[in-house]
Amino acid sequence: MTPTLLSQFLSECRELLEQASRGFLALEKTPDDPAVINDLFRSVHTMKGASGLFDIAPFTAVVHAAEDLLDAVRAGRVVLAAEMTDLFLEGLDQIAQWLDELEAGGALGAGAAEAGKALSGRLRSFLRDGAAAEPPAPAAPAEASDRPPLPWIAALPADVRASLTAELAAGHGPFCAIEYTPHEQAFYSGDDPLFTVLQLPGRRWFEAQPVTPWPAPDDFDPFRCNLRFRAILAANHDALAHHLRYVEDQIALADLRPEDLANGAAGAAAPLAALPAELAEPALDILDSQRQMLETAGDPETWPGRIGSIGVVLARLLAHMDEAAADLPARLEAALAEAGKTRSVAPLVEVIAAARGLVQPAQAAGADMDAVATNGDLPRRRWDDPPAAEPGKEARKTAAIKVDQERIDALMNLAGELIVAKNSLPFLAHRAEDVYGSRPMAREIKAQYEVINRIADDLQTAVMQVRMVPVAHVFQRFNRLVRDLARRLEKQIRLEIEGEETEADKTVVEELADPLVHLMRNSIDHGLETPADRRLAGKPEEGLLRLTARQSEDRVIIEIADDGRGIDVEKVKGQGPGARPDRRGALRQHQRRGRAQLIMEAGLSTADQVSDLSGRGVGMDVVRTMVRRTGGTITVHSEAGRGTRVTISLPLSMSVHRVMMIDVDHDVFGVPIESIVESVRVPASGIHRHKSNETIVLRDRLIPLCRLRRVLDLGNGHGNGNGRADGEESVLVVNVGGAEVGLVVDNFRSGIDTIIKPLDGILAGLRQYSGAALLGDGSVLLVLNLRELIQCRWT
Amino acid sequence: MPMDLSETAAVLTGICDVAEAETLLAWLQAHPQGPVDVSACEHAHTAVVQVLMAMRPTLTGQPAGDDGPAAWLGALRPQGKAV
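Chains as they are written, first to last, in the numbering used here: chain A, 1 to 795; chain B, 1001 to 1083.
Any given hint could be a false lead.
The following label-pair restraints were derived from C-beta to C-beta distances [to be verified]:
| hint | chain 1 | residue 1 | chain 2 | residue 2 | range |
| --- | --- | --- | --- | --- | --- |
| 1 | A | A239 | B | A1019 | 28 to 34 Å |
| 2 | B | A1019 | A | D409 | 26 to 32 Å |
| 3 | B | A1019 | A | T625 | 45 to 51 Å |
| 4 | B | A1019 | A | H430 | 55 to 61 Å |
| 5 | A | A169 | B | P1032 | 46 to 52 Å |
Calculated directly from the structure, the hints in this document are not laboratory data.
Using N, Cα and C, we set each Cβ at its ideal position, and we do this for glycine too.
Work out the full structure: start from the sequences and follow the hints.
What follows is the structure, encoded as structure tokens:
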């Protein structure tokens, strides 16, 4: 197996899994929707087909069992029950796990065989139970076995039939007849149906026929399989079934019995029409070519002419047939009139088939007509109908290119480097002026810089667009989560999702998944009450969980709201940091901002009992950490008895940041621009001291000061190095976690667009820096982690 | 290159896989009559066979008898093929 094939398989299967799990949930709501079942069946089927490429028998077995059960559901033989959906979903989970194992090790993990066997056995047990419970089939089995299983056997070419009959009579065999109608999308799953047919053992005869008439050459989609294969093989049923196990749902397989062949012969025993034998063959040729002409698509304008010529040919042919065909000329005329009026080819085709049945000495007219009617062999399409829906073609048109994320990341990095490289041009302009004394040169460089700046910005925007994915990617999985948890906790929950189409950077969306899972679990487990409690509280029994996404300027806002019991603030106060002397400071801080925020603290839970879902008090802390890591904020609003609303605000993209540069003791540091409130210069006299704490009053707000020199332990910890005699201090007012703090720095510098890379290696432990960025002159800019610094200052 | 397309003919050689179907279709749309030389083609993917069946170009180099070396050609016979 080639790595590319495997990776393609993995990504395709994961997509199909998503689709399938959505399908099962949709099916639970609308169990009778055939479109949903068909979609579901298709995705499971495609998985099975693709899995055949690899040596993963347990995988194939499970999807195969699921497919069979689905097929039974589709056919109405088995009624879909909730336990069945549970099992299906369990199967999907197992498959997802196997996919991970495949990706990691190229093979299924230990125990896969047993797990697969158990799962497929349980799936199949539904099939048996369901089948046992069903009422007996309306058609009596004895009757069914009398009918030739494949009607076309009787219509085999005469020579083939003759030799088969002779061989059967001589005791050779067994012979099997198969009809193989590959899926339209078969080529996409790597099938070569013709090759499959040719590989079958003991091939005696085969043919390939279009399933629907070929469309006009311009509309022809070469990758949609429109062929049906029929073959007669000298092999037994089981051997063939084994050969065709991967396509068995597309196969009709029947043992060939002498009477199947004789049926046709019996029909021929009463030849109604007789052309002289030597004329029969050319007559058949003529009839066949007329039929082909009818089936061949063409310009609608030539339709009347074509019908006319077919009419003339048929009329002349019929004139040579005897009285058995006496009614045919009249039928032909009616069919021609009909065809001219409605452009429907069906009546004409029927006339041709009837004539053919009369001519072909060994062919029963009735059998042929039956075959025509039941097989849908001949087109019943109107001439000027648009071609039947061609899903394959649609899919190919709209299909996006799948690109490895690494490649996009590489592109993103290059765009970032371009932005950084571009930043060096202003430095160059300065040098041109200062060192080489050429002002015009400097001006030209700056002009060029503007051009490159614009292109680099556009490039960056374009790459960002590529990385944007709808949050639906993450939201979709919640249907499943809510369903499972609600069933487990015996709560009734309706999930409403809004704004699925809101887009954000792929990384942001992916980072979002885990925190959201925690929040949803909290809402379901703690927030929403049981139906009984809800009734007591005068609320509808069904709890409402609303997940909303929207874009607000350059941020994505995600809201999770429930109409449950809300957060019991008193309980939180009793158990939270307030109960621990070491965290009293944190409590005081929180009291200002609403106690609900307290649930974000680590080690806090209001649940009386720790369940396996949540309540261990780690959830919200994890959420907060993750949200902060992506540069987002999280707020909680809760009203007792009315519900809780958690709002997460995240940056649309995490790649390019604007930072403001500041000087501290001859070193340059970056401060993320979104946390900066303002920059001011305050005279020394404006600084108030209370013990060691310094504060300033700015527009009636009291702002504590934090001397960066001291916190970073740079220089002598005092002085400001700006050489100003008046003792004026440069203060950068920043907002950290809702509180304003003034950073005392030596000097302000300009803002700059950079890509902040996290520190790694031994530097990764330096928590006072959130990352580093490369400046245009090649130097490294350390970006301050304000939250950490300020905690250092005050705790 | 299993498919050699020129102004005058398309020549299929060896094993034509699924990807060739689109190329062949494009060529046949420009040259509806063909001819398509199949004498050296050992196997053609179903998709390729489909194109030939739908476009009905003139085929050259088909083995005269029914027992040609390339079994896939049987699919192109309107009445099927006894082997």
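To see whether the hints hold, each was checked on the structure:
1. The given range of 28 to 34 Å is respected by A:A239 and B:A1019, whose C-beta atoms sit roughly 32 Å from each other.
2. Taking 26 to 32 Å as the suggested C-beta distance range, the pair B:A1019 and A:D409 conforms, at roughly 29 Å.
3. About 49 Å separates the C-beta atoms of B:A1019 and A:T625, a value consistent with the hinted range of 45 to 51 Å.
4. Between B:A1019 and A:H430, the C-beta spacing of about 56 Å keeps the proposed range 55 to 61 Å intact.
5. The supplied range of 46 to 52 Å is met by A:A169 and B:P1032, whose beta-carbon atoms lie about 47 Å from each other.
When held up to the earlier numbered hints, the structure conflicts with none and fits them all.
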